[in-house]
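What follows is the residue order along each chain.
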Amino acid sequence: MTDLLSLQGLSKSWFGIPANRDVSFSVREASVLGIIGQNGAGKSTLMNMIGGVVKPTSGHMLWRGLPYEPAGAADATRIGIAFIHQELNLFTNLSVAENLYIDGFPRRMGLIDWKRINERSRQVLSRLSLDFDPSVEVGRLSPGERQLVEIARALHNEASLLIFDEPTTSLTPRETERLFATIENLKSQGCTIIYISHILSDVQRLCDDIVVLRDGELVSKGTITEFPIPLMIRSMIGRDMGGMFPPRSNQPQGATVLEARGLTQPGVIEDVDLTVHEGEILGLFGLMGAGRSELARVLFGLDKCAKGTISLKGRPLEGPVRAHIEAGMAFVTENRREEGLMMDASVAENLTLASLAAFGRGPFALIDRDRVAERTERMREELNIKASDIHSQPAKALSGGNQQKVVIGKWQLRDPDLFILDEPTRGVDVGAKYEIYSLIDQIAARGGGIMMISSELEELMGMADRIVVMNRGEIKGQVLRQDFDRERILALAFGEIAE
Amino acid sequence: MKRIMKRLVGFTLSHSTAVFFVLILLWFGVQAPQFLQPESLANIIKQSSFIGIAALGMTVVLITGGIDLSVGSVMFLAPLIAGMAMRSFGLPVEAGFVVAMVVGAGLGGLNAFFIVVLRVVPFIVTLASLFVFRGFGTWLTSSTQFDFPERMRTFGLSNVLGIPTPILVFAVTAVAIHIMLRHTGAGRQIYAFGNDREAARKAGLAVELIEARAYIISSVCAAISGFVMISQIGRLDVGFGQGREFDVIAAAVLGGASLFGGVGTALGAVAGATLIQTAKLGLVFTGVNLYMQPIILGTVIFAAMVADGIRGRRLRDKLARTIRPLGSS
Amino acid sequence: MSSSPVPRRELKDKAVDLLLSDQFVLYLSIFYVLLLAPFLPMLVTPANLVNVLSNMWPLLIVAIGQTFVLAIGGIDLSQGAAIALTSVLGAVLITGAADPATFANTPIWGWLLTDAGGPLAGVDHGVVLAIAAMLVAAVVIGLINGMAVAMFAMPAFIVTLVAMMIFSAFALWLTQSGNVANLPDDFIRLGRGDIVSVYFGAKEEAKIARRAIYSLVTYPMVIAMCVALAAHMLLNRTVFGSQVLAIGMNRKAAEISGVRVRRIIIAVFVLSAVCAMIGGLLFAARLEAGRPTLGGGSFLLDVIGAAVIGGTSLFGGKAKVIWTFFGVMFYVIMASSLSAMNLSAFQIDMVKGGIILCAALLDVLRTRLKRERVR
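Chains as they are written, first to last, in numbering that gives the first Met the number 0: chain A, 0 to 498; chain B, 0 to 328; chain C, 0 to 374.
So here's chain A without its partners, still in its complex pose (with noise of 0.2 angstroms):
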């Protein structure tokens, strides 16, 4: 068999960081590929490259051994690579065949030859063994279903490389067993698949070879049979993070601040129960997708949530978003532009945001500017929020780290006993991301409870003190810090083990 695709020694960095550096491998034709790695390890670094949306720093590469440079993510899709992305770009007031034939119908006499355009789409959806009338909309079909249509597309498209993202979290088990046999179908067929994905048994069932990404690097790979899944698990697991962490300067206390018992909304979350200690830093390990996120919202109060009860130092909490905010809560959320900030307002504005009841003075609720502007200053000075004036720089010009800290001194003015805190560190750069840690270790030694969500497991190792691990929207498991071990945390969000 020839190669399809090779990388010969790709690299690729933003602003001086590197995301990909020197990665070679090759893609053999009519067989799978399985990458994979944790999260952040360069992984979609390197399929954007690979479909023409970000130009390689250094390397290049090989398509059936001649140099592929692409310009643009048009440029991929002509040569006959696809994306099955886990959000579909699908129309969803359309027809399946519709969907297939949108960016150039088939005419016949100025009109679209829907025999023709009918028959094609059955065509395709039968090397697919698929059943259905591509007459159908496809608002009408399941997420499963849908995603094969996607697979149709890149086929009608006459597509030779297809990428799968993360393919089947959204999909049933049957759904899922009728997708593999679609892909074992394509390869038979002479299709090239490339397919990343957390579910490792997933992955050693489907694929031929297997790649291993670790921080942007490859670190090994091999054929199938070659690496048994405690093998992946341990090629995954990262370099020591020691030095990068403040001390944790407290224990925990025994008071509970935070416990949910029985969490369930169907789609989402199953069954969790969590409790969270007075000057605790709980971990929330997962991989993406994992349900984290999803989770955080619900005990926020933002998300509904079918069954189970959230109680705060033994009150319990319902309602809307505010009961949870007065009773004591506080959510830094993981999309600091769009749910953290107002970018266009100043500092001070930002600041002021969630305790602004308190400023007010009088019958008209005026607001006390002279209290403002103190403890807006005392929290720049707390925080060591660098900004020239707080008062009229707005939030968008500050550092993603500076920004990050605007968010939680948003909440700091209301003193909260609860801190969710979902991917603190995401964007923010190296060395404010040591500021970052200690102002998190200050609050749980103040006595604050926090619940820190991340992605990256060194850093929940670094400053939690217990870790709980989710997967697929239940919780596998806890280990405490003592215990702490990347294998078997690992293990646990790859749904591997279970306790």
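One or more of the hints may lead you astray.
[To be verified] Here are a few chain B residues that face chain C, going by a calculated C-beta distance under 8 angstroms:
(1) Phe135
(2) Ser142
(3) Met304
Hints are computed from structural coordinates only; laboratory data are not their basis. Predicted model, so just to flag it, every value in this text is computed and none were measured. By construction, the Cβ of each residue, glycine as well, lies at the ideal position given by its N, Cα and C atoms.
Got chain A sorted already, so can you dock chains B and C onto it with the hints?
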């Protein structure tokens, strides 16, 4: 019992036009039996053509997720310019008809320029052009009535094979829009654009062209509807078409076009326009106060929009992202 | 050769500074007057200035209400209808006499309105009670708009467009399109009563010619300035105002930070309707009648145009009462100059339509410049 209620609500939401239609016919039928006579029903269809033709164009704009508030003024200005051309150059009615369409296309192109190129929100652009177009037209007529040549009325009252011309024009426009939306690539791309603008761009569609085309089609339809209506009267009054945008939007929404984009059909627009006209005529038949009618119509439109809003929310809930299969536990 | 780009950039920076400054529209108004004064000398006569001012106050009040709605990223097209409905309602309650020829067919004839006028005609504090009734009606209109927008997540322009249709039709239905006149003097004084007047004639003349008296301080002026001051405090100095702007800037962030988003949206629409009602009160008092067609036609453009040209953004989150003040001033000066040029009402509508487009374009430009400035 609860299940039946739920299904009833679901049915009403998804077939609101049909439900409204049946209720209205029943109500007026009971109130004034002569309303259900064939003559008055035929009359309804003839009168529906005015709102209906414009509603067909509005449907196209609504499918893109936009709105066109300027239709009432286009109905006024485009036929006016056509009429002036007819008077000064002695053009036949057919040529005047073409002039009206060309002027309509130009006015729609103006809207499209501000919306697509300068990226100003559609409702502000078309709100402004609503006044600009009407102001320009009134300036042309010096705020007086404009009389069309006599042959205009002959055209308006003529029959082709026994079918009144207005109905014929309505039918032809409806079929043309239906074929365009249903059976051409351009039409299907309008739906794709309305469903997900970003995905349409990623699929390599010319999104700017798609959006611009919708506003041009809407204005051309409004021009035709104005021309056909005027041809029945023979003159153009100062306030002609004023406030008609409500009826047109209402007809399109009642016909199933969603204000959130991506949904709507030509057939629906025809049904919606007929429904509006039925309701209007029914109100006249049952002797409801003239000033009461817009209140009732407004309330009906409001109800249709709330239904659309609820429908839209249900759809979004259905498409919400899940991280584990539903109901597998 | 090589030195020329530097000063040009400085010039460009200065132009951008000016465009983004609070007083931009004030400078624009002054420039506009100076530019046109040589050709239209009557523009700067005292009589015209008094006229400009008297046109400005009611519009200012209504535009302030609109400013709050724009601040949350919404729009209220139903303000004109709120004016029509509340002015008719108020007038019907206090009118001293009604002509059966006009009103005998109205649904309110006989029980609310009779030959002898409305139920509050001649009653002590009748005007105050009527204004209270108008206020209640305005609050109801605002609640309907606000709840539809906040609860059903429908676009504000559609909700208020339909509300405009229904409420203006309702106003027409109430009086069958008749104007309600014969209003008490207490009411009319609100529209044109002078508090301080200035006389420019010769001192010796015993009999002062009415035309030489210029109203300097009027009731509408005092009312409008009070509303403007209160609105300024409310928007820029209170917890409520900060929350309004926060919703306009980033609704999600506001929601997650515990701002009662729905409640504030509803409150803002109520505020908008109430401002419309106060402005309408002044219009009705000046016209000495409640008219169901008041606030119709291009009035909508006046309000939105004035607010947006002042600098309040259609995208929400950026709004100041002082901007609206300058915006209204510019708008009224421009309208007066257009009528001084002997343009017809329809031509003026055309220009106004063009101005709203320019204002919207200016808004797009300002937003883009501000974004670039930070980077």
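Each hint, compared with the structure:
With its C-beta approaching chain C no nearer than about 6 angstroms, Phe135 of chain B sits inside the 8 angstroms limit, and its interface hint holds. The interface hint given for Ser142 of chain B is met, as the beta carbon of that residue sits about 6 angstroms from the closest beta carbon of chain C, less than 8 angstroms. Annotation: Met304 of chain B was flagged as interfacial toward chain C, and the flag holds, the nearest CB pair being 6 angstroms apart, inside 8 angstroms.
Checked against the numbered hints listed earlier, the structure breaks none of them; every hint is satisfied.
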